[in-house]
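> Residues per chain are reported as follows:
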Amino acid sequence: MPYIPHTDEDIGAMLERIGIRDIDELFDEIPKELRIDSLPGVPAALTEMEVARLMSERAAQDGRPLNFIGAGAYEHHIPAPVWAITTRGEFYSAYTPYQAEASQGTLQVMYEFQSMIASLTAMDVSNASLYDGASALAEACLMAVRAHRRSKSAHILVPVTVNPAWRRVARVITEGQGLVLEELPYCTEQGTTIPQVLERYAGQDITALVIQQPNFFGQLEDADALARWARANGAQVIAVTNPVSLALLTPPGEWGEGGADIACGEAQPFGVPLSSGGPYVGFMATRLEHVRQMPGRIAGRTVDLEGRTGFTLTLQAREQHIRRGKATSNICTNQGLLMTAATIYLSLLGPAGLARVAGACVARTRELVEALTTRCGVRAAFPGPRFHEAVLLLDRPVVPVLESLAAAGIAGGYDLARDFPELGHALLVCATETRTSADIETYARTLHRTLGRAAAAAGVRP
Amino acid sequence: MPYIPHTDEDIGAMLERIGIRDIDELFDEIPKELRIDSLPGVPAALTEMEVARLMSERAAQDGRPLNFIGAGAYEHHIPAPVWAITTRGEFYSAYTPYQAEASQGTLQVMYEFQSMIASLTAMDVSNASLYDGASALAEACLMAVRAHRRSKSAHILVPVTVNPAWRRVARVITEGQGLVLEELPYCTEQGTTIPQVLERYAGQDITALVIQQPNFFGQLEDADALARWARANGAQVIAVTNPVSLALLTPPGEWGEGGADIACGEAQPFGVPLSSGGPYVGFMATRLEHVRQMPGRIAGRTVDLEGRTGFTLTLQAREQHIRRGKATSNICTNQGLLMTAATIYLSLLGPAGLARVAGACVARTRELVEALTTRCGVRAAFPGPRFHEAVLLLDRPVVPVLESLAAAGIAGGYDLARDFPELGHALLVCATETRTSADIETYARTLHRTLGRAAAAAGVRP
Amino acid sequence: MKRIEPVIFDLSRSGRGATAQHPPAAETAIPAQFRRRRPPVLPEVSELQAVRHYTRLSQLNYSIDTQFYPLGSCTMKYNPRACNSLAMLPEFLGRHPLAPAATGQGMLACLFELQEMLKAVTGMAAVSLTPMAGAQGEFTGVAMIRAFHRAHGDLARNEIIVPDAAHGTNPATASMCGMKIREIASLANGDVDLAALDAALSPATAGIMLTNPSTLGVFERRITEIERKVHAAGGLVYYDGANLNAILGKVRPGDMGFDVIHTNLHKTFSTPHGGGGPGSGAVGVGERLLPFLPVPVVGRDGDRYRWLDERDLPQSIGQLSGFMGNTGVLLRAYVYMRILGAAGMRRVGEFSTLNANYLLQRLREAGFDAAYPERRASHEFIITLRRQTREQGVTAMDFAKRLLDYGYHAPTTYFPLLVPECLLIEPTETETREELDGFVDALVAIQREAEADAAMLKGAPYTLPVRRLDDVRAAKQLDVAWKPAGA
Amino acid sequence: MKRIEPVIFDLSRSGRGATAQHPPAAETAIPAQFRRRRPPVLPEVSELQAVRHYTRLSQLNYSIDTQFYPLGSCTMKYNPRACNSLAMLPEFLGRHPLAPAATGQGMLACLFELQEMLKAVTGMAAVSLTPMAGAQGEFTGVAMIRAFHRAHGDLARNEIIVPDAAHGTNPATASMCGMKIREIASLANGDVDLAALDAALSPATAGIMLTNPSTLGVFERRITEIERKVHAAGGLVYYDGANLNAILGKVRPGDMGFDVIHTNLHKTFSTPHGGGGPGSGAVGVGERLLPFLPVPVVGRDGDRYRWLDERDLPQSIGQLSGFMGNTGVLLRAYVYMRILGAAGMRRVGEFSTLNANYLLQRLREAGFDAAYPERRASHEFIITLRRQTREQGVTAMDFAKRLLDYGYHAPTTYFPLLVPECLLIEPTETETREELDGFVDALVAIQREAEADAAMLKGAPYTLPVRRLDDVRAAKQLDVAWKPAGA
Ligand SMILES: Cc1ncc(COP(=O)(O)O)c(C=O)c1O
Ligand SMILES: Cc1ncc(COP(=O)(O)O)c(C=O)c1O
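In the order they appear, the protein sequences are chains A, B, C and D. The numbering of the first sequence is the numbering used here, which starts it at 1 and goes up by one. The numbering of the second sequence is the numbering used here, which starts it at 1 and goes up by one. The numbering of the third sequence is the numbering used here, which starts it at 1 and goes up by one. The numbering of the fourth sequence is the numbering used here, which starts it at 1 and goes up by one.
No lab work stands behind these hints, which were simulated from the structure alone. Don't take every hint at face value.
Taking lysine to aspartate or glutamate pairs in the DMTMM-like style, the calculated list, with each CA pair at most 20 Å apart, reads [said to hold, decoys possible]:
1. B:K32 to D:E227
2. D:K229 to D:D198
3. A:K152 to A:E175
4. D:K119 to B:D37
5. C:K476 to A:E289
6. A:K152 to A:E182
7. B:K152 to B:D124
8. C:K229 to C:D309
9. C:K229 to A:E33
10. D:K483 to B:E289
11. D:K180 to B:E175
12. B:K32 to D:D198
13. A:K32 to C:D255
Simulated restraints, written as ranges between beta carbons of each label pair [said to hold, decoys possible]:
14. D:D471 to B:L288: 43 to 53 Å
15. D:K180 to B:T436: 49 to 59 Å
16. C:Y462 to A:E9: 29 to 39 Å
17. A:D24 to C:R386: 30 to 40 Å
18. B:E183 to D:K180: 28 to 38 Å
19. D:G459 to C:K483: 24 to 34 Å
20. D:Y462 to B:L288: 27 to 37 Å
Which stretches of chain D does chain C cover? Using the computed rule of at least three CB atoms under 8 Å from a CB of chain C, they are [unchecked claim]:
21. 53-62
22. 78-89
23. 252-263
All values derive from a computational prediction rather than experimental measurement. The beta-carbon is built from N, C-alpha and C at its ideal position, and this holds for glycine as well.
The following block holds chain A by itself, in its conformation from the complex (with noise of 0.2 Å):
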């Protein structure tokens, strides 16, 4: 019985215990015609290592394509020791600490996660994980209507240079809830938000406005701008970010005078592995004006008994289990794991390492423009300072193209088509520190050739 300890004579000494002659009797309380006593469309058991055969088998069929595409989700290095120490028994199988003092582990790195993003972000405090960023965008949505208690609208101005997925989750979780959130457009030529659209909104009831530094495309937007509006207006803002680039940028606390209200992004750059989605690692921060508004869980550093210090859960009166449908939001298990090894690999990385991490993602995502479009007549669609990632732009649709290249062993890019139809055939593209140069001159090369013989197939030049 895989996992289940119990001997024939265990079960025997319990039933009798119990005074029952069988386990089905301790289903005796549900109704007779409800109960099934078989699992068609489950098959039967098989061993781990039978289970593991199979895996492997499917792993290599999936293969390890060489990755280009960004677009919300990147390959870094993920140092050796993040993985060994996450997956530690004491970390991974432990629940969300509720009784602190046998918690305090997971305790600190919820402290140590926190402060390292409320430093990232320049901002005050820091939840210790939401979902993702997509869903953490959301929640950013929501709690900027409860912390703007002036704004009646629940009004909230999203830039098209949004990532299109964050603003699609965005929608759907908060339309309960009765916000609006509406789009701004960009300027086709640079890839960015020109403020100027901002000016038919003045004066208008606004709770928020949403700034993505850098942009979906990877164009950096003029977020000092932006916000010096937002505050103007009388509205918050929700600064999304990868927080990668903030080695580099300025930070969301920084933006403008006043800085942002609200920091949130996807922290999966720190340490956790693409794996085809998720688990990933949401996060935000705030100002400590509004940290009663902010949802998730929040550790906090205190004292014992005897004066020492430890760390405890805090400010519970927020989350669901203590204020139930009043709560900030109905978020109970969280990434927590995610958050471990997010902690871990900025322990690692530092200030100086994560700097180079970033400056690499920008130098490479140079390397590979200028190679796809010097070699292969592709061209980059934006000017501008760029970060991370590059929209170019193909003389033919992106799908068959990211089809050959797979058949190729190269993950492409993102097809734009879907999202951003008024670019044509625009392909986003990303380059981290982890490829090479090699890997970049494999890409132009198969690029050229896929380009050239779909061409010569269709009797065009390249």
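With the hints as your guide, set chains B, C and D with the ligands onto chain A.
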């Protein structure tokens, strides 16, 4: 500076405290003419990320052939908990438990391992590992000479059916002390040692007889008869066993009437990966009366100042750090981590699981032999019961066949030509519980094709 | 004398670093106007310091791997190590979520089969794996209920009925979806008060959220009656499947007529809790809600798998996460289910229930008071220490803290809210009888301590890394982020 | 109150098992005469029980990952995690040692390059990686020396000279090779007594085994003189490279004229000690011993790698392990060396020496007695507590045990044998200045405790899982294997 924590400030303060100006001064007792200031031949540093990429590429280059080789190292399923726990820092990065109070984890594991080995072999006492099976056999020979006070000849009979590599190692390690390892021929029809060959040693001063069960060919020796002869003729018995087989086979402690004096072997099958040959873990067990002659670490159970149970290294007077030139062996660092893995493995398998592994090995090898003999025109060299592996006879040299199997992703067995030329084109094959019927089918199909194609090329009918 | 582990920032020294992890410096050419003025304050420590620090911190935790952890409602069962190592095969870890489906057929096959197995064990018509925890599963369910009523033009249905015993996420979710909450009472026997239900039902009823077995540790006996009543009133019925472990393979929510269920894969299917997550709250739906299922869902075209999105499911409530949910968690659950198989899943229900009822029986014999003495326990049960509080002045909190000294994690305390001084105890099927017996012995010993020296219990724990912590101070003198000395 | 962890057999119950790990039963058809009568007594526990048991046991250990571990002569430096994870890539783990070399080119490339790097850092002409630990490396060296003399018909050379400060494995190895041992004294300044050396040299001299820096923590200043004397007498010179960490990249044994060296990869090149192993004692040789190198050695033909064996090296002393040594350990060392690179290796020598000299300086300032006060420390040094033993009656053992209470592993005690009441202290380069300072503070605090209450120190440790253990009883009432009650 990878792995070195010193800041410039640290260095300055430390030098000042020592009273020197630079680190090089610390080397001023080393003759100047010997000092070097660079290390040509050692490449420049890489980051962890770069080395990870390099190693992944090298690993990918080696691939994962379907393995049918045994010959002293066996592919078994390794339960996931084994290495998750074994590589916990507290086991992985600890030293030999010289400070017992700070090493109870390692010491208790040693005690548990010793208990398991003693029980498997049906001997009284076990040590806590030797380097590997081959060196364990060498140590057993040396030990037998020490333990057998009446015998003066240092003459040890070693059947040719004992692993030939181990025989070589035993010879290299024991020859300095003047041991004579004399080879006993085997029956080339049966693949076993015929007890009658011993008759010509009757009356001679033989220190010990080595018996490997199952033998190198996988055949079962008449261990009882061999052990009985030894006892009757005043020779000690050194048992060499694959410990997996001990789940099913008569243990050395019960061979003949009196049982073996020393049992040794390779515990690699207990949760230790093949890993191109090591690190593995030799084991050795003996009767209580010989314990002071045994090499290697031994943990014992004792009590502390308050009468609580605890564990400590014991009988250290046998060891080099106390007895120096008169120690039972020079061994110091041993195979502690692999011993830990083996102990966890055995806890997870238990007597029932281990019997099933052993049974599956027998059944799978039988299935393999059947498939290859009925479908590929090879034949089994020996009748009689066998365990774990089998010798097959081909109609042509083995090496080219193995090479063409390797090109098809199959590690097809071990060529016996070097050590057993008298058998002709003999191939040693093995299938453990990890080989499925589909794997065996793949092997049979590929071998059939290989032999057929080669035959066709040579104008031979298979 | 042994050092309390400092905060990592206190180990930091300017210029130190785990430099094997630092890529070479590169020229970034980011214009000054975008550049950060001061670098962020992050720890500057060596690799050994980081390893040592977090290894030591881990040792301060209780966990399933080290202690019996009978935390009610949380299903703290053994998390098989194979689930972790097989979900972490390099190909799975390295795959970008937006890579073409052609490079993810192995992974998608696992998720597709997981969907099928979840359908089989819940009895629902279809499953979406994307919700990232139970609470998001609840959100998904209520959002689908809302979408259903809207699609039927039934815009007035904006009330969700929730029993008073419900987990906090139920009402919180309803609010998050913009619903009004109608709380209904439980009877003294632990079942829902049907009269209260009748009173609550109205044309405004969007649906009911029901946890079964409930958080009172009992199976709702009149479940079909409830289902019929709500459906008759035009509402839909939501099954909080957090306690599915108790009934796995014995009875299926789909067969009870439910429209939607979320399951906590991190409970029933043993993916790790990780000190607070990640989880997965996969939802199953009946025919009514099928069109509204959140995307993406794994579909199969012939022998190829692909993600279905809004283009395939135009009525879908939409997307709930940046990509497709917690894939790595799903792979772990998949491995677990394959190793258990159909018979193993039935045993989960059976043995978790056996362990709970045995433990309850032993505690009752030892003089503890069951909150629902006339009921069978599900996979968990409640004892109330009201009497002890009255007689010795020791609370559930005191018992809980003292249990830590005995080497056991405490049960859930003060939840559900309606039972005073309660301990909600869930042993799970993976614990041995000896472990349960040891736990009984500890509670009996603590009871004796309470009788002999109640004040002592107030000081517990004594043997943990810290003594009882000052929660009030934590909230009042808020210190939630490290500051450099003098900052 | 917290439970001492029982022996795994005491958790065992007949019929229990971690059955996910059990393959299906198969028909074996082994004849009865070969069959075991009673099954072996092995633990019967659930998977969770095994995981919990060994996780808990691990927590009882001190280790580098959790504590400063200044065990002299053992080089307890940080074992980078990358070395472990990269050596454990599935392809490396899964490769059978006898699989064709064509399927091991990646692995062989690593080992070949490792040989080259070891040649470079030792200054030797060739390297064999097969010895499985330092002691086997020593064996290899002495066996080669023996083979050399035999090959020259010099059969009378059967004495090995060993300084009195030598590690126990040196004389043990010489004996194992059938050599006689001539021990020679060290001078009060830590160097070898050259007069004693002269007296020991004779036509029977096979060679000398010299550890440098010696286990006294100092560099042998007259190393070339020794080398010349021994060579002049017809002997060969063996370099015990266990302390190579101290001089890495600063000076090379090959340049000192040595014929053979073993290196402890599990010290200098940071492969883990694993609670007692595995190690690797790769040997390097000069031209004289090159023909005798043990097999196998990795060779390169064009761009293919293969193992060279006796057929390639007909004078080889032969094979020392069942296959080719501890490959997994070698891969770890390879990763380590690639991450360090040439400059990093030089830093190892520099900073391990800096740390040792700083620590020595601080301890001397704090009033402790250096065994060799006029010498530089190598990467380790000795303090002697002779004075404390005389004045307060507290021994090196008492200091060591008390250090455990302060959260530090103890230094090596009572070795080398010639310094009374000694602590051999090796901090390694991977420890911070703060850690060293903390260690000084602890020793100072213990010294004060010794002065105030010597008896208290005799009872140490107080805060470990057990108090001081009775070693005498362990040896007298030998209990080295668990027996069922009543057996
Ligand atoms: C009954 C019940 N419902 C819902 C939840 C919420 O699940 P999650 O924590 O995964 O969001 C829980 C979790 O504690 C629960 O016990
Ligand atoms: C100086 C010296 N030589 C030799 C050895 C033996 O090495 P090993 O333990 O690897 O056999 C050691 C190990 O402690 C040592 O310190």
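> Give a verdict on every hint.
Hints versus structure:
With a C-alpha separation of about 16 Å, the suggested pair K32 (chain B) and E227 (chain D) falls inside the 20 Å cut-off, and the hint holds. In summary, the hint linking K229 (chain D) to D198 (chain D) is supported, as the alpha carbons are separated by about 8 Å, within the 20 Å threshold. At roughly 15 Å between alpha-carbon atoms, K152 (chain A) and E175 (chain A) fall within 20 Å of each other, so this suggested pair holds. For the given pair, K119 (chain D) sits about 16 Å from D37 (chain B) by alpha-carbon distance, which is consistent with the 20 Å threshold.
Distance check on the hinted pair: K476 (chain C) and E289 (chain A) sit about 14 Å apart at the alpha-carbon level, within 20 Å; holds. Between K152 (chain A) and E182 (chain A) the alpha-carbon distance is near 15 Å, which keeps this suggested pair within the 20 Å criterion. The straight-line distance between the Cα atoms of K152 (chain B) and D124 (chain B) is roughly 26 Å, outside the 20 Å bound, and the hint therefore fails. Taking the CA atoms of K229 (chain C) and D309 (chain C), the gap is about 34 Å. The hint is violated against a cut of 20 Å.
Among the hinted pairs, K229 (chain C) with E33 (chain A) is consistent with the structure: their alpha-carbon atoms are about 18 Å apart, no more than 20 Å. Simply put, K483 (chain D) and E289 (chain B) have alpha-carbon atoms about 17 Å apart, close enough for the 20 Å limit, and the pair holds. Of the supplied pair hints, the one linking K180 (chain D) and E175 (chain B) holds, its CA atoms being roughly 15 Å apart against a limit of 20 Å. The suggested pairing of K32 (chain B) with D198 (chain D) is violated, with an alpha-carbon distance near 25 Å, which exceeds 20 Å.
For the hint linking K32 (chain A) to D255 (chain C), the alpha-carbon distance of about 12 Å falls within 20 Å, and the restraint holds. Against the hinted window of 43 to 53 Å, the Cβ-Cβ separation of D471 (chain D) and L288 (chain B) comes to about 19 Å, which falls outside the hint. Distance hint for K180 (chain D) and T436 (chain B): a CB-CB separation of about 58 Å, consistent with the stated range 49 to 59 Å. Checked against the given bound of 29 to 39 Å, the beta carbons of Y462 (chain C) and E9 (chain A), roughly 37 Å apart, stay inside it.
For the hinted restraint 30 to 40 Å between D24 (chain A) and R386 (chain C), the CB-CB distance of approximately 33 Å keeps it satisfied. At roughly 30 Å, the beta-carbon separation of E183 (chain B) and K180 (chain D) lies within the given 28 to 38 Å, and the hint holds. For the pair G459 (chain D) and K483 (chain C), the beta carbons lie near 42 Å from each other, so the given range of 24 to 34 Å is not met. Between Y462 (chain D) and L288 (chain B) the beta carbons are some 35 Å apart, a value that agrees with the proposed interval 27 to 37 Å.
Counting residues of the region 53-62 of chain D whose beta-carbon sits less than 8 Å from any beta-carbon of chain C gives 3, enough to reach three: the coverage restraint holds. Look at the region 78-89 of chain D against chain C: 4 of its residues bring a Cβ nearer than 8 Å to a Cβ of that chain, three or more, so the hint holds. Counting residues of the region 252-263 of chain D whose CB falls under 8 Å from any CB of chain C gives 0; the rule of at least 3 is not met.
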